[in-house]
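Undergrad: Take the sequences, apply the hints, and build the full model.
Here is what each chain is made of, one letter per residue.
2 protein chains.
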Amino acid sequence: MDIKGFQFSAVEAAIKKPGRKDLALIFSEKPALACAVFTTNRVKAAPVLLSESRILSGKAQALLVNSGNANACTGENGMAVAKQTTKLLATELGISDEYVQVSSTGVIGVQMPVERICSSIPELVVGLQSGTLDDIAQAIMTTDTFPKMEARSAVANGTSYTVAGIAKGAGMIMPNMATMLSFVITDAYVEPALLQKTFRLGVDDSFNSITVDGDMSTNDTCLLMANGAANNSIIKSGTPEGDVFSSILRDVLLSLAKQIVRDGEGATKFVEVIVTGAASDEDAKLAAKAIANSSLVKTAFFGQDANWGRIFAAVGYSGAEVDQSRLSLSFDDVLMAENGIFAGDDAEARGTVVLKKKEFTVTVNLGLGNGTAKIYTSDLSHEYVSINADYRT
Amino acid sequence: MDIKGFQFSAVEAAIKKPGRKDLALIFSEKPALACAVFTTNRVKAAPVLLSESRILSGKAQALLVNSGNANACTGENGMAVAKQTTKLLATELGISDEYVQVSSTGVIGVQMPVERICSSIPELVVGLQSGTLDDIAQAIMTTDTFPKMEARSAVANGTSYTVAGIAKGAGMIMPNMATMLSFVITDAYVEPALLQKTFRLGVDDSFNSITVDGDMSTNDTCLLMANGAANNSIIKSGTPEGDVFSSILRDVLLSLAKQIVRDGEGATKFVEVIVTGAASDEDAKLAAKAIANSSLVKTAFFGQDANWGRIFAAVGYSGAEVDQSRLSLSFDDVLMAENGIFAGDDAEARGTVVLKKKEFTVTVNLGLGNGTAKIYTSDLSHEYVSINADYRT
Chain U
1 MDIKGFQFSA VEAAIKKPGR KDLALIFSEK PALACAVFTT NRVKAAPVLL
51 SESRILSGKA QALLVNSGNA NACTGENGMA VAKQTTKLLA TELGISDEYV
101 QVSSTGVIGV QMPVERICSS IPELVVGLQS GTLDDIAQAI MTTDTFPKME
151 ARSAVANGTS YTVAGIAKGA GMIMPNMATM LSFVITDAYV EPALLQKTFR
201 LGVDDSFNSI TVDGDMSTND TCLLMANGAA NNSIIKSGTP EGDVFSSILR
251 DVLLSLAKQI VRDGEGATKF VEVIVTGAAS DEDAKLAAKA IANSSLVKTA
301 FFGQDANWGR IFAAVGYSGA EVDQSRLSLS FDDVLMAENG IFAGDDAEAR
351 GTVVLKKKEF TVTVNLGLGN GTAKIYTSDL SHEYVSINAD YRT
Chain Z
1 MDIKGFQFSA VEAAIKKPGR KDLALIFSEK PALACAVFTT NRVKAAPVLL
51 SESRILSGKA QALLVNSGNA NACTGENGMA VAKQTTKLLA TELGISDEYV
101 QVSSTGVIGV QMPVERICSS IPELVVGLQS GTLDDIAQAI MTTDTFPKME
151 ARSAVANGTS YTVAGIAKGA GMIMPNMATM LSFVITDAYV EPALLQKTFR
201 LGVDDSFNSI TVDGDMSTND TCLLMANGAA NNSIIKSGTP EGDVFSSILR
251 DVLLSLAKQI VRDGEGATKF VEVIVTGAAS DEDAKLAAKA IANSSLVKTA
301 FFGQDANWGR IFAAVGYSGA EVDQSRLSLS FDDVLMAENG IFAGDDAEAR
351 GTVVLKKKEF TVTVNLGLGN GTAKIYTSDL SHEYVSINAD YRT
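Chain order of the listed sequences is U and Z.
Per my numbering, the first sequence starts with residue 1, numbered consecutively.
Per my numbering, the second sequence starts with residue 1, numbered consecutively.
Quick caveat, the hints were computed from the structure, so don't treat them as lab data.
Among these hints, one or two may not hold up.
Mimicking DSSO-like on lysine-lysine, the simulated pairs with C-alpha atoms at most 27 Å apart in a straight line are [what the hints assert, rightly or not]: (1) Z:K356 - U:K17; (2) U:K356 - Z:K16; (3) U:K17 - U:K59.
TA: As structure tokens, then:
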């Protein structure tokens, strides 16, 4: 994969435990157009606060990211560390520290090992000669079981360009947003307005439409950098080239988001929850989120139990307008319930077959209007409990 | 325990599986003052809809309750069954069916075995000669591991009276309300306004202040009947007798609610979540509920991991006004974090000792105002997943 004008590096800074790379750098040879979305949690990690203030310039040239420590609930000292480390990195790179984004993931409430990070930064910069985006995807993993990457290329007016992204997820995954870091880069030369609009819509349909456990993290970040190094003629909104760019950027975002759900902590199922017929799109999203976050629904998925009644119960308390006599529900194409009641004994056997699959769709029609929503989620397994009971040890 | 003028009966109607009593009756020899609260889920079971309409009279004389089938998502047929069975019971008892409350708990979406219930009703009425309230507490259990009962007696102007209650819970437990049935009876002669006010406040502080898994059921019901059979002089609001009555009724409700949390599905911990210093009581309740419902917080409790950062993260997404630099948190009397940051290494060891206890308190001070709230909750264990993965089998 060739993404022009970007360099990568990852090193072992022993932030949490020795033996794995946990400090990484993405560097653009020239300042890139940048946009980002961050957690809406009111308890925000220091790197989120710092990056949020810096992204206002619309530009970024480097991203410093670590796993093993979230630098959250670390107070003024945490902010001082974020500033100190990005300042040191900026000096080493010979760029303005205002163009350095910073991101952290890991345990909350523990101060960062600032000396180990600072002493690793020169090595990190030297590593830009030989690193790959895959190295970064590996270095940002916490309880993830596989690195998450996606890339697409296209041609704009005869010049090819690439959109590539990486992500980490696993737990604390919830719309708006997740314990989720995602960094997407492109060498395409794109009109800023098109970039921002596509990014915003793409994040809504991807990272803001997934949930693993309903917990929202203090560190969620999705950052996009576009450095124009492909030297294509500028891609504008409302053109065929603009449509192609939007389409592949959204594909990359959605692919990364789905990978996060597939690798949700302890997940054994990937479930697409579709709500139709709601009084509004907002109601549809409320209902879909209630289903996707219900512990009872998710344990039934884990147990491969076609317990559609729990899904109706979740819809009922979601806050969406509901008329129980109009509800219908299908697992894939098997109609389980209609007009609020069971569709018959045959459905039970056929529905159970669907739930034994690794991936399936749950469609609930509220029978009230035209509102729709889609949420991707996983099941709730023994393994989730094990991972999170012992996370810090 | 002597509760004058009430009779009890429970029989085996083989509603779900043979070998246990699953159909029960509480009968008051004369019509009793009655008040009730029901689930706020928009998907409501037929017995809830029927009982809700009947309680408007302010009177009840009998309660028919079954376990093994929720009679929820059963459509018009479910309502017909609720009417038919209560009509038959009323005829056998020689009372108006408008005075018969009905309640069900168990699997959602399966039609009731109406013939088995109807054929069991005569036996149920005969059993009133010899039954006890304890029989009812046993018969309404589903995944409960122990029956839940509480009783208190007092003397009003020289005449003794009793308040006694039973409950079932286990899963789908969430404020406003829970998969939770509770029936409280008293032979006290009480002013209706005092009865209703005390009941409402008592339910808010008990059943509406507990959560096990954040799921709200289709069947929640809390019913109070006061038949006055103790023949005490009427207990009025604003008198010492009124205060005593309020106090013991609220004690009974709170005791039953706490028993539900202690017996939450797979629960190994009983945790009192206290939020103080919120901008308002509403904000305090939002924060306390977010903590008590967080899968990440609850798995940390199960793992006996003093992971206070997850609790701050939950407060941060609760919707309550939060200034992260003012947050403090204690496990029992061990201060874990102050001004938003960790209180020091000594706290970690001492906090871990607290979390190894079976019962402890989590207190979060938001440092903003005078709002307070208290929620009782349990942890999230492997056993919860096992119970709910296989509930219907």
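Undergrad: For every hint, state whether the structure bears it out.
TA: Now for the hints, and whether the structure bears them out:
1. Only pairs whose Cα atoms come within 27 Å are accepted, and Z:K356 paired with U:K17 is accepted, the gap being roughly 26 Å.
2. Restraint check for U:K356 and Z:K16: the C-alpha separation of about 25 Å stays at or below 27 Å, so the hint holds.
3. For a cut-off of 27 Å, the pair hint linking U:K17 to U:K59 is broken: about 33 Å separates their Cα positions.
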